Structure formats: structure tokens, C-alpha cells
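Residue numbers (my numbering), protein chains in the order written: chain A, 1 to 97; chain B, 1001 to 1491; chain C, 2001 to 2113.
Treat the hints as calculated values from the structure; they're not laboratory data.
The structure presented is a predicted model; accordingly, all values stated were derived computationally and were not measured.
Beta carbons: idealized from backbone N, C-alpha and C, even for Gly.
Treat each hint with caution, since some may be false.
Below 25 Å or equal to it, Euclidean Cα-Cα: the simulated DSS-like pairs (lysine-lysine) are [stated by the list, open to error]:
#	chain 1	residue 1	chain 2	residue 2
1	B	K1354	C	K2023
2	B	K1234	B	K1354
3	B	K1295	B	K1162
4	B	K1354	C	K2026
5	B	K1234	B	K1295
6	A	K84	B	K1234
7	B	K1295	A	K84
8	A	K86	B	K1485
9	B	K1354	C	K2022
If you anchor each label on the Cβ, the simulated ranges turn out as follows [claimed, not checked]:
#	chain 1	residue 1	chain 2	residue 2	range
10	B	S1358	C	L2017	15 to 21 Å
11	A	T59	B	W1458	31 to 37 Å
12	B	L1414	C	G2100	49 to 55 Å
13	B	L1424	A	A51	55 to 61 Å
14	B	F1473	A	Y25	37 to 43 Å
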Amino acid sequence: MIMLCVLVFWSATFWSHEFLQPRTYVAFPYQTRTRLTYRVIRLLGPCCALAFCLIQSPTLGVLYWLGLGGVAGVGTSLLSAGFKQKRGLARVSKPSR
Amino acid sequence: MRETLRVRLGWLHSWVGFLAGLLLVLVFASGTLAVFDTEITQWMQPEVPLTQTTLLSPTALQAAAETIQTEEEQGVSAFLSLPSHRDPILRVLHYDGHEFIGAALNSTTGAAFPTRDTAGGQFFYNFHFSLRGGTQPGAQIVTFLGLCLLVALGSGIIIHLKALWPDLVLFRPFGPRPRAWVDAHLIAGVLFLPFILFMGYTGTAIHARLLIPAQSFFPSHNTALPKKEKAPPKGHVLQTGPLLPPLAPLLAQARATLHSPDGNLVLFTPDEVRIFKSDAFGPFLTRDHVDFSRKDGRLLRSVTHSPPAAATMQLVRGLHYARYAPLSLRWLYFLSGLAATALAASGFVVFLMKRRRSSGEQMFFRLAEGLTITTLISFPIAILGFFWANRCLPVALHDRMACEITLFFAAWALCAAHALTLSLTRHATSGWQQQLGLLAGAGCALPLLDYLSGTHPWSHGGGVFITTDALGFTTGLIALWALLKLREPTA
Amino acid sequence: MRMSRTIETGLAGASSLHANTKKRQKQQAVLRRCGLLALVCALCFLTAHLVMLLTRHLPFEDVRLRTDLGGMVIAALLPCLVLAGFAGLRYRWGLMLCLGACAAAALTTALPL
């Protein structure tokens, strides 16, 4: 359960990070408030994940933190690639006026 | 072209990465499998039931002591691996020059299980650190490759430094092909960088003394080397010790001193019985031990504290060997190992793509592509061939373990010859496709083979079998997907 | 028509000459890089060897522990030195750094402790 939470924290962090990049927010614009939320998540996500890992295992917590971070990063990059492709395709398929 | 830092380091990264990577990818893949070496051994010895407890009876210990005595009389230096949660079997092991192999005993009755002769997961462990070439030159080559890995990683980080933060999770699989492969290379490299870096560093540090010995190349009169005592070759004894004392009371005393209730190792010298703390207790590979006299079983000494310098080295070893790791962490090690393999594999593809047109597909390029197929596709085929050989060879075959290993290398050599022939005759695409087809078939059919072999029950302790079969099947599916992608007309 | 052909030939000749020069320059650059890399690697391995010799003076009884500690230092130092030696272009500071490290290790090994 704790590992799942850590994965979620890391995934949220990476997702926010990706959506804070200029290439993404130009393609998918959002409000300033949302931007602030993404920044907070990007800042706090890894910290919360580390706290959870250290609670679970003080000696091995850092290893869990790094390993789960890598797994979450790969998952997020695949998801965001799929998401962008879907949105991109949807825009292209819209009739132009 | 201007000689900028990026250009120079890019050149270094490409060539060191490609040339060392051809062997490093084998080290990565076998190391990834070696994370589960015990479980692979269990899969390869289905005669041993995995439903036993870690409790040891004095009868079983007595039977193990008798086996040890018999092996010593034959000149073999054997030791005991006591049951643990990970491997609930009492094993009498010895080193055969490559692997630790030996009998598996019932931890209650002491009866030996009629197991098939196999190297099991130890084969991958040995291949990982020595490419099966022994300490010299095998482990030396792997250590040198470790240094190359660190150089390639360092240069890769410097090249990518600018885009490291913004492109942290950027992946464009639907973009142009070279871009997608570069992204895959970067994602595998950046997200698993801490793991790859610390595994590369610790692996190199552990065996660096083999590559660069602490003896002067230049003869000197004032630095006399200490004389070496006459030692038997590894895994052998020069003289047999006296009959072993009852081990059960010694074990109880040692476990109380070491605070290690299971999974201990018991080593025997002509004078002493040494009981070691289990490796599963923390990331420090402490090797704490309690020694008893072999004659009368009295306590000689206990070593339970290490100076900080020794503790540092224990941590380096412990982190690399990952014997302390619980199952969940071992899976993370496994996934990180896969990422390292994917990093090398995607790097090869990028290297070849960049040079395909500019090289005009000359001899060197064709050779490089053939070698790439040999490492990326032929090696997994050989690994699956090893698993197939384990199930297909008769259990009572003479020198069965050697046959399994020979089949592994034969399969690999055949596939390599096939890949190189097709690649050198400008038919590399057929080489990729045919070998991917073979890999897909071997992987997808592994669960079926295991089921048809009927060597073990699925209901009790079947997790190891199901997981291994599922991983084989997944490998097959990935190969099939890659094959279909290659056959697409736009590919 | 003839004139244009002459011009074409001239252009093609110049272009092929340019390509040849470029190719030769590239080959020379690669050779220079290979030479520098070989030199840097030789210096780094010599430094590593001297560091390993130095471990004999460490105050530990266990020989293996001494060489293991030397191995830890080498595994960290050698890749950094190779990278610095190869990358440090301006005034060849990388090569100078490697030479300095090697000289320091040699002096420490040679001088009595």
C-alpha cells in the first residue's frame, strides 16, 4: 500500500513537471492557478514519497524511493506520450473552419 | 566541424558506449537475472518442494555433516547453506570453479532430494561477473567494462546536461524513429541513473584490485612481497579434518550470538567450524561469524564488529549483491537492471541509425549490426535455450549440468553465426526478423513446455514457476511485437 | 552549352576537392582524439596503479581490505580523470590535470612516509 502511495506521489510529480514545460503548456494551455498547483505538487511529491519510504524502512527507504521513482517516471512518460498523441490526433481530426 | 566539448564527448560516448556496450549488455542482462538466482535455481530443480519450513532438525544437520565429511574425503571443500525464508532448503554446496552447486536436503529428515544436475541461477551470477572466463581474464574484462561504463555515463550526462531537467520524462514514440529511440535511451538512462551509477561503481570497486594489482610492475629491492602460503585451489581441500561435532548446539549458540535465526552459512576448515551471519540482515555484507573447534566443538572466537573502513567495503558489496533485499526491493533491482539493458540496447540502435547512411553500409557497419543482433537477440535466445534445455534434457543424463551450459553456448554461437552471415551479406533485416521470430516462439512456448513437463505441482509453492514462465512469455510477446513492427511496410 | 559544361565540371571539381579536404580534416580530428584518449588512458592507468601501490601503506592488517579500499578510490577517480583529461581542451588543462595527478601519486609512492 505504501509502495503504491509512493508510486502515485512520484507519478504526480513527473506529470506536473511535464505539464510545466513550455512545450506542453503551449500545446495544452491552462490557468495560472493550475500552474501554481503543478509547481506545489512537483515540489512536495518527492518529499512526501521519501517520507513514506523512510517510514516503511529507515535503512532501505532511499533505495525504494529511487527505484519507485524510476518506475513511476517510465510509466508517466508513456502515459503522457499516449495522452499527447490522443489529444493531438483529436485536434487534427476536428473539422477545420 | 568545431571541436566543442559536446562534439568531443559525443564522440567518446558513442564509441566507448558502443564498443564496451556490446559486452556490457550481456553483463546487464545476466546481472538482472542473477538478482533472482535462487528462484531460478528453484525453477530449474522442480524436484525440490518449496513448501518446507526454515526449521532444522538435528537429524538433518547430522545427515548434512556426513555428506560434508564424504565430500572432504573426495578432496572437495563443501559448506552448508541453511534454510531461509527465500530458500527453505538445507544445501550442501561446493565451488566447482564457476558455480556453487551441491545436494539439497530435506530440513526435517535430512534425506537428499533426487534433484537434476543443473547450474541453475548460479550460471547467470557467474556469467555476470566473469563472462564465464574465471578471475583472469573474465573478471578483469568485466571490471574494465565497468570503468568504460562509468566513462560513458559521465560523458552522457555532460552531453545531455542542458536538456536533463526539461526533458526528464519526455518520450515521443510516435515521432520520427531516431527521435523515439534517443528518447527511450535518455529515459532509461536518466530515470534509472542513480541505480546504474551505483551498480556500475560498486561492481567496478569490488573487483578493481583484479584489474590493477597492488604489486609493482617495476622490480624493487626494498619492497619484498609477503610469501604466499600454500593454499589449495578454490573449492578443494588439501587434508580432511577430524569427524565433525554435533552441529545443532553449535548452531544454537552461534545464532544467539549473531542474532541471525536462519539462512546462515557454515564453513569447515581442518581445525574449525565457522558459522556466519545470514546475508539477509541489512545492506552491510558483514560476514560476522562465530568459530568453534572442530575437534571438541568449544567456542574459539566470535567476530561481530568491523572497523569503519571494512564496514564501507561491506556496504559496497552488500548494495551490489542485494542479498539483503526483500522481495519488493529485489523486483526494483530487477526492473532497474532491465532499464540498464534497455539503455544499452537503445544506444546501439541510435548508433546504427546515425551511421547507416553515412557509412554507406560498408563492412564495418555490417559487422557492427551483426554483433548488435548477436547481443540483443541471440543472447536472450540462448538464455531461453538454457531454460528449455533444463526441461528437455533427461534427468539422469550423465554430466547433465555441462550439457545444459554447452547447449546455451551452442545456441548462442549458432545464432551469432546466423546473424553475422546475414548481416555481412546485406540481409540484416532478415536476420533481425528471423531471430525475433525464434525468440518469440521460445519465450511464448516456455509456459507450455513447463506445463507439459509435469515436473512439479502448481498448487503448492507454484509462485516461482508461474512468475518465471510469465516472464518468459512476456519476453516472447515483446519479441513478437518487435517483429510485427519490423514487418510493417513503413518500418 | 560548352561553357556551362565547363562551369559544371569546375564546380564539381571544387565540390569534390572541398569534400576531400573535409574528409581529411575529419580523419585527422579522429586520429587526434584517439591519440589523446590513448595518452590520457595510459596516464590514468599509471595513476591508478600508483594509488594501488600506496594502499600498501594503509594501517590495516588485512591485505584484501587495503586493496579493496584502493579499488574504491580507483573506481571513482579513474573515470573522472579520463573524462577531464579528454574534455579539458583550453590550454590542455585536462591533460595537465592527469599529469599532475600522476606526478602526485608517483611522488607519494616514491617518498618515504
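Results for each hint:
A threshold of 25 Å between alpha carbons decides the hint, and for K1354(B) with K2023(C) the separation of about 17 Å falls inside it, so the pair holds. For the proposed pair K1234(B) and K1354(B), the alpha carbon gap of about 47 Å is over 25 Å, so the pair is violated. Of the pairs offered as hints, the one joining K1295(B) and K1162(B) is violated, with about 67 Å between alpha carbons and a cut-off of 25 Å exceeded. A hinted pair counts as satisfied when its Cα atoms are at most 25 Å apart, and K1354(B) with K2026(C) qualifies at roughly 17 Å.
A distance of roughly 24 Å separates the Cα atoms of K1234(B) and K1295(B); the hinted pair therefore holds under the 25 Å criterion. Distance restraint check for K84(A) and K1234(B): the Cα-Cα separation of roughly 58 Å exceeds the 25 Å cut-off, and the hinted pair is therefore not satisfied. A threshold of 25 Å between alpha carbons decides the hint, and for K1295(B) with K84(A) the separation of about 74 Å lies outside it, so the pair is violated. Annotation: proposed proximity of K86(A) to K1485(B) holds, straight-line Cα distance about 20 Å (limit 25 Å).
Only pairs whose Cα atoms come within 25 Å are accepted, and K1354(B) paired with K2022(C) is accepted, the gap being roughly 19 Å. Taking 15 to 21 Å as the suggested C-beta distance range, the pair S1358(B) and L2017(C) conforms, at roughly 20 Å. At roughly 36 Å, the beta carbons of T59(A) and W1458(B) sit within the given window of 31 to 37 Å. As the Cβ distance of L1414(B) to G2100(C) is approximately 52 Å, the hint placing it in 49 to 55 Å holds.
For the pair L1424(B) and A51(A), the supplied restraint of 55 to 61 Å holds, since their beta-carbon distance comes to about 57 Å. For the hinted restraint 37 to 43 Å between F1473(B) and Y25(A), the CB-CB distance of approximately 41 Å keeps it satisfied.
Hint compliance for this structure: hints 2, 3, 6, 7 are not met, and every other hint is.
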